Amino acid sequence: MRSQRFDRLFVLGIPLLALAMGALALGLPQYFVLIISLDLALLGYHHVISTYTRLLFDLKSARQHWALLLPLPVAVFAGVYLLIRLGGLTAVATLYMHWQWYHYTRQSEGINKAYGMKTRSVQAGNPAFNRFTFYLVPVAAFLTMSARPGSTFLSIEIWKLPVPQWLALATMAAAGACLAWWLTAQLRALRAGTLGRLHFAYLCSHYLIYLVAYAAIRDITTGWLVINVWHNAQYIAFVWLFNSNQFKGGVNPEQRALSWLSQEGRWPLYLLACLALTGVVYRAIDVSNAYFANYTLVPLVVIAYQGINFHHYIVDSIIWKLRKRDVQSALKIG
0 MRSQRFDRLF VLGIPLLALA MGALALGLPQ YFVLIISLDL ALLGYHHVIS TYTRLLFDLK
60 SARQHWALLL PLPVAVFAGV YLLIRLGGLT AVATLYMHWQ WYHYTRQSEG INKAYGMKTR
120 SVQAGNPAFN RFTFYLVPVA AFLTMSARPG STFLSIEIWK LPVPQWLALA TMAAAGACLA
180 WWLTAQLRAL RAGTLGRLHF AYLCSHYLIY LVAYAAIRDI TTGWLVINVW HNAQYIAFVW
240 LFNSNQFKGG VNPEQRALSW LSQEGRWPLY LLACLALTGV VYRAIDVSNA YFANYTLVPL
300 VVIAYQGINF HHYIVDSIIW KLRKRDVQSA LKIG
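Taking numbering that gives the first Met the number 0, the leading residue of the sequence shown gets 0, the next gets one more, and so forth.
It should be emphasised that the hints constitute simulated quantities derived from the structure, not laboratory data.
There's no promise every hint is true.
[What the hints assert, rightly or not] Below 30 angstroms or equal to it, Euclidean Cα-Cα: the simulated DSS-like pairs (lysine-lysine) are: (1) K247 / K320; (2) K323 / K112; (3) K331 / K117; (4) K247 / K112; (5) K117 / K323; (6) K117 / K320; (7) K59 / K117; (8) K323 / K59; (9) K247 / K323; (10) K320 / K331; (11) K320 / K112; (12) K59 / K112; (13) K331 / K59; (14) K247 / K117; (15) K59 / K320; (16) K112 / K331; (17) K247 / K331; (18) K247 / K59.
All of these numbers come straight from a predicted model, not from anything done at the bench.
Taking the hints into account, I'd like the entire structure generated from these sequences.
Right under this line is the structure:
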């Protein structure tokens, strides 16, 4: 989507990083907490804050997206509070696990479409079947996780879908058959030159990550680590790509800070600025929670962290649609 180096890192490097983190967590369980902490500190919190580079870095963006910055957060945080009151931490963790799966899958489809539109790469076969397979494999992997014993995620009990083993196996068998049929067609398209290699590699990484994270790895949290690293790193890179392309013509006086940071060669400063902002936001949350914890039994830190997560999910579903002209223009697709 930008250069061969960027695309190789994005399509090949990020999945390898995610798989390596999962392998480290499985092979060195004594460092599991450290690995999770590094993921959250360097990727997880940072990827959430990356969303707000389109909303808060300048007055123009804030005015354009005021409804996402004022009424929506109030509704989301109120919803998380009610969820805790009704179902406790289990209800929040359950919603997070399931909504996250959907959010990740939708993002992956958007990236797949962007690669196809940018490179004029076309999958072989019926488009409806290809899209069905694209979603069926993640569904089958998630049902496999749901059907297994064990329901602890990040040390919190969650409610899993009541999936019988036979249904999980049948869905996985159907996904395997569809994937084999799809793969046969795509190999023909590769030979014919109608399907780009990196586009094909991205599709393969999509299937591999879901199968490893939800089906192959039996521990829910370790599997989550794999797909979380994959998604977070993708998102950070994609938002940087968007901002870099958007301000390729130079510094915009109306969006001076973001456009200056997004200039060619300044990506280290861009990342440091986002990390610094992330540190300020989440440190403020932790300090506020420590202060108010003496006055309420409600877990404010959960409301804050998950409220930001859920708000991020909703905002993403609105601002990154590929049919939006500003997104197409920045990504140079259409």
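How the hints compare with the structure:
With a CA separation close to 21 angstroms, the supplied pair K247 and K320 stays within the 30 angstroms bound. A distance of roughly 13 angstroms separates the Cα atoms of K323 and K112; the hinted pair therefore holds under the 30 angstroms criterion. As the CA atoms of K331 and K117 are separated by approximately 7 angstroms, the hinted pair is consistent with the 30 angstroms bound. Under the criterion of a C-alpha separation no larger than 30 angstroms, the hint pairing K247 with K112 is consistent with the structure, at around 23 angstroms.
Using a Cα cut-off of 30 angstroms, the hinted pair K117 and K323 holds, with the two alpha carbons roughly 15 angstroms apart. Taking the CA atoms of K117 and K320, the gap is about 15 angstroms. The hint holds against a cut of 30 angstroms. Distance hint between K59 and K117 is fulfilled; the C-alpha atoms sit about 28 angstroms from each other, no more than 30 angstroms. This hinted pair checks out: K323 and K59 have alpha carbons roughly 17 angstroms apart, not beyond 30 angstroms.
Taking the CA atoms of K247 and K323, the gap is about 19 angstroms. The hint holds against a cut of 30 angstroms. Restraint check: the Cα-Cα separation between K320 and K331 comes to about 14 angstroms, which is no more than 30 angstroms; the hinted pair holds. For the proposed pair K320 and K112, the alpha carbon gap of about 11 angstroms is at most 30 angstroms, so the pair holds. Restraint check: the Cα-Cα separation between K59 and K112 comes to about 28 angstroms, which is no more than 30 angstroms; the hinted pair holds.
A C-alpha spacing of about 22 angstroms is found between K331 and K59, which places the hinted pair at or below 30 angstroms, so the restraint holds. Distance hint between K247 and K117 is fulfilled; the C-alpha atoms sit about 17 angstroms from each other, no more than 30 angstroms. Distance restraint check for K59 and K320: the Cα-Cα separation of roughly 20 angstroms lies within the 30 angstroms cut-off, and the hinted pair is therefore satisfied. Proposed proximity of K112 and K331 is supported: the alpha carbons are some 13 angstroms apart, at most 30 angstroms.
This hinted pair checks out: K247 and K331 have alpha carbons roughly 12 angstroms apart, not beyond 30 angstroms. Between K247 and K59 the alpha-carbon distance is near 18 angstroms, which keeps this suggested pair within the 30 angstroms criterion.
This entry satisfies every hint, going by the numbered hints stated previously.
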